[in-house]
Every structure is written in structure tokens, then in C-alpha cells.
Amino acid sequence: MEFNASLDIFTIIFLALIGMTSSFIDSTVGGGGLISTPALLGLELPVPLALGTNKVAASIGAFTSVASFWMAGKIKKKMALCLMPLSFIGSVIGAYVVNLLPAALMKEIIVVLLVAVAAYTYRRKDWGDNARVEKLGKAALVGASIMAASIGFYDGFFGPGTGSFLIFGFLFLGFDFVTAAGNAKALNFASGIGAMFSFAFSGSIAWSYGLLMGVFMIFGAILGSHLAIRKGVAYVRPMYLVVTTILIGKQVYEILLK
0 MEFNASLDIF TIIFLALIGM TSSFIDSTVG GGGLISTPAL LGLELPVPLA LGTNKVAASI
60 GAFTSVASFW MAGKIKKKMA LCLMPLSFIG SVIGAYVVNL LPAALMKEII VVLLVAVAAY
120 TYRRKDWGDN ARVEKLGKAA LVGASIMAAS IGFYDGFFGP GTGSFLIFGF LFLGFDFVTA
180 AGNAKALNFA SGIGAMFSFA FSGSIAWSYG LLMGVFMIFG AILGSHLAIR KGVAYVRPMY
240 LVVTTILIGK QVYEILLK
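In numbering that gives the first Met the number 0, the protein residues as written are 0 to 257.
Certain hints may be false.
Straight line, CA to CA, 27 Å or less: simulated BS3-like cross-link-like pairs of lysine-lysine [said to hold, decoys possible]:
1) Lys77 with Lys137
2) Lys230 with Lys77
3) Lys230 with Lys137
4) Lys230 with Lys76
None of these hints come from the bench; they were simulated from the model.
The structure presented is a predicted model; accordingly, all values stated were derived computationally and were not measured.
Make a model of the complete structure from these sequences and hints.
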């Protein structure tokens, strides 16, 4: 896909600020794409190119977040390593079939699911304060595997709310908010890489923009993940609800514009 990705000083500063801001949010509860994708579209990138470029940058930021959570012991390592390939494969398939299913219908379904997720999390005031599980049983592991593959497929196909859904899934399995966020980031990284490969195969990436923004996403990801690890549920829970609410508003707005 042809696009003149010129890097003047304004563009460099713009990509740097957007990269740091979006990855700061994304490193904890997801939703960074709410900032980075519209910003890339604002630089007049075609939609497929903006989505692919964002996947490159977001994958760099996600890797940094995963490393931070991993070193802090806030990721269930064996479980994550088992589930990440499923997210990767699901995402590749999702990106492949993106043109076969109606995106408008997907938006309406996602709004309903996000509202349910936000309402349930808000009502359960102490949900995620403390872990209720250390090791998943066979039934829970099967459920987690289905979640990893299906949400990975969704991330490759559509994307908005992936982090929120993953965190909700891990909370439901009994993890505390911070560990749920760490586990979710690991799977989100895997699905992001899968989608990035699909976009790269189709030539839908402006590499100079994606790599530059990704470098600055490293700084935002380090700050955001360390803040989440240090402050714990008191920081992660309200941010999770805020980002999920914004996602709902964005999807409703786009539906009303049809």
C-alpha cells in the first residue's frame, strides 16, 4: 500500500507524545489504541495502514509491559506461555477473515458485552482485591484456552476492548486485578504480534511511523506498568472502569453515525 511516510519534526514530536500517552494507558488496562489509531488516521494514513502501523508500535510497547509485569512476578508464567500461542493463532485467523464478516454487527455486539463487563465490575466492589486462585484446574484451563483463542481472534478481526475482555476473563478465573492485568498483557502481546504479521504480509504497515512510535511507547509502558504494580488495585480498578466506559462511548458514537 503506497503512502509517503515523511518524518518532519512535527510528525516526530507528534508520534512521540502519542506513543508515550497511549502506551501508558495500554500498559495497565488496554485501550491505548483509542489514542494511537485516531492519531495515525489524523496523519492521513489509510485505515488498513493506520491499523497495521499501530500494531507494530503497540507490540513494542506491549513487550515492554510484559517484561515489567513478568519481572515483578505479576504474570502466571507457565499459564501465560501455554495460552499465548492460542492468542497468536486466533489473531492471525481473525486478521485473515476480517473482510468476511460485517464489522457493523460486531460493533453492536461489543457495546453490549462492554456494558455488561463494566456493570458487573462496578457492582462487585471488592472484585480483584485479592487472588482466589493460584493454579487453574482442568476445567478452568480449558475455559482460559477458549478465551485466549477467541479474544485473540477478536483482536485480529476488530480489536477495541481486547484488554478489557482479557482482564475481565482473568478476574472471573479468580486472579487479582494486577495479576489479571499482567496475564492479559501477555496474551494481548501475542495476539498483537499475530495481527502484525498479517498486516505486514498484506503490506499495510508504515514501518518508519510504527517503529518510531514504538520506541517512545517503551517509556510510557515502563511508567504505566510500574505504577500499576506499585499502587495495585487502587489504581488499576478505576482506570479499568474509565477506559471501558470510554470504549463504550466510542462504539456507541460510531454506531449512531452510521
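The hints, checked one at a time:
no. : hint               : result
1   : Lys77 with Lys137  : holds, 14 Å
2   : Lys230 with Lys77  : holds, 25 Å
3   : Lys230 with Lys137 : violated, 32 Å
4   : Lys230 with Lys76  : holds, 22 Å
In the structure shown, a violation is registered for the earlier hint numbered 3 alone.
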